[in-house]
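Undergrad: Just so you know, the protein sequences line up as chains A and B, in that order. Under my numbering, the residue at position 123 of the first sequence is numbered 123, and the numbers go up by one with no gaps. Under my numbering, the residue at position 312 of the second sequence is numbered 312, and the numbers go up by one with no gaps.
Because the hints were derived from the structure by calculation, they are not lab data. All values reported here derive from a predicted model rather than from experimental measurement. Note that the Cβ used here is the ideal one computed from N, Cα and C, for glycine as well. Any given hint could be a false lead.
Claimed, not checked - The calculated label-pair distances, taken between Cβ atoms and stated as ranges, are:
(1) B:Thr279 to A:Gly118: 38 to 48 Å
(2) B:Gly137 to A:Leu198: 28 to 38 Å
(3) A:Ala114 to B:Glu109: 41 to 51 Å
(4) A:Gly112 to B:Gly308: 34 to 44 Å
(5) B:Val195 to A:Pro199: 48 to 58 Å
(6) A:Leu198 to B:Gly184: 56 to 66 Å
(7) A:Ala21 to B:Gly14: 37 to 47 Å
(8) B:Asp20 to A:Gly112: 54 to 64 Å
(9) B:Thr12 to A:Met132: 47 to 57 Å
(10) A:Gly112 to B:Thr12: 20 to 30 Å
(11) B:Val195 to A:Leu198: 49 to 59 Å
(12) B:Arg116 to A:Val206: 35 to 45 Å
Spelled out, the chains give:
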Amino acid sequence: MTRRGHRDPAWWGLAALALSAAAFFLLPLYVMAITSLKPMEEIRLGHLFAWPTQLSLDAWRAAWSGACTGVACEGIRGGFWNSVSIVLPSTIIAITLGALNGYALAYWRARGAALLFGLLMIGAFIPVQVLMFPLVRMLGPLHLVGSLPGIVLVHVIFSMPIMTLIFRNHFAALPRELFLAARLDGAGFLRIFVLLMLPLSVPMLVVAAIMQATGVWNDYILGLVFAGREHLPMTVQLNNLVNTTTGTKLYNVDMAATLLTSLVPLTIYVLSGRWFVRGIAAGAVRG
Amino acid sequence: MASVTVRNFSVTLGAQPVIDALDLDVADGEFLVLLGPSGCGKSTLLNAMAGLVDTSGGRIEIDGVDATWATPRERNIGMVFQSYALYPTMSVAGNLSFGLRARGVPRAEVQQRVQRAAALLQLEPLLSRKPSQLSGGQRQRVAIGRALVRDARVFLFDEPLSNLDANLRASLRRELKLLHQRLGSTMIYVTHDQVEALTLATRIAVLYNGRIQQLGTPTEVYDRPANRFVASFIGAPPMNFLEGRVSITQGLRRFSVAGLELDLGHYRPDADPLAEGETLELGVRPEHLRLCDDGTHEAEVTLTEPMGNSSIIWLRCGGAQWAALAAQQSLPRVGSSARFEIDTTGLTLFRVGDGTRR
């Protein structure tokens, strides 16, 4: 029996497929990157794929702190910090609540837990757009529309089904005897959660943080509706910048602003590819 | 240390009664083994004692105090699980101290108690290790130590040896017995393995169908089984069962079975004296069948199973199959005829209907 070679025709076929797929997805990124480094005169020549004759970071500077987003001309820097201040609490609160929910559902068999879990799962399949108007009407009287707590609350609510699901599945997969042993040792709900369950969940917490942080960062519509003028996230400001209709269209600034906005999720993807795949797998229903 | 009393106790899961009006008294310092096949309710009973399963009737007392509805924390019972369930992210010291910290014991006392338990269980050099770095025996000791350190009143064991290979199982069994002798704690141990039950127990409760079939010392349970189930469940190779009839001639009671006449002079029935013509089931353990050249009965050898230090010899006699346990090294040839003797002091008779001991 001969060993299957690494360089047989099938290998070359696969390699060619992988390369062309990579090229297909990377080409737009390349165009964006070089366009953002060109001055406008060079862009107007129309050589889309040409390497810049002179590299310039002016567009990046303008996008960060000078470009006009609507009436204000302060770049999208404000949006960056707005997004950070939305993402951090949304992620921390959503994971804390999701992990607690999952733990309670997996171990404490409260009355009506199955029903609650079922309803949460139905919630996961309802499109956000359907709930937008009722949610505005509900949060309006509470003065939560157009505020930082409001947008954080909305993100936490919409992430609850998936967060609960991945943590419930995670905890249900742990040996139940661990939980029983801790109960016999005299530990209560919170002690078991904090001292026993959380240390066993570090990989899951990382996965959940990645999913939630990238999800919230990339959100546009919730930020647009609920964040209010003072807290518009980076995605909304990017849209305002790109769609400004006065003056000439500054393609290089648009490209730079887009790259700046996608920098955070891009970094997370690149640094945590392995974890992220696990997160996708964990989101699939099992158990 | 404490006694445990179970009164008229029932547990129903779904519509099925898993434990049915059960009574059990476990004395202080006793090593009681709950023995039975899977599904007999023994683990459920253990979990109910620990407070992990709710009762549907009856009561549980620990040291004479009603604990039927007490939380696991209030009962202060220790349990060693089949997987040992050591907390994987904590060190041995962390595992031992977890229960004390949960009960708000002051830090200095926690230290002291962990040290004392570690010394008692020879775990001192391992205190900073994680459970994954321990051997099977060390894990068992940590699991016991977790209960020991908080002075658990009763130690429960849920088949702790059944996942292990034969050698380790035997050595951990000995270690456990030594530990019980040393600590003198009340221990209740669930198993389906009769060897574990016979070797470890001060008393065995044989469970079947949610009821205790017999409660007694290993010797009692082995020598005077209360019914056919107990007799068949305990003993390897298993007991021979054959139906026959009592006959009385000139005041001598005899039992006719498969063409043999056995003397019942040694048999002490549980209730009324045996009556002429009574149809009963005979139970004879294989070690009470002795092959010898001057034996009274003759049989054909149909199969031999050598087991090293002894052999099972299958005999056909009067149309019935008998298993005999023989110590001899030279096995009779299959197909040859052999003579054997039945030690009538070791007979048991069972009623044909309900299988109870006659």
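Undergrad: Any hints this thing doesn't respect? Which numbers, in order?
TA: Hints 1, 4, 5, 6, 7, 8 and 11 contradicted; others consistent.
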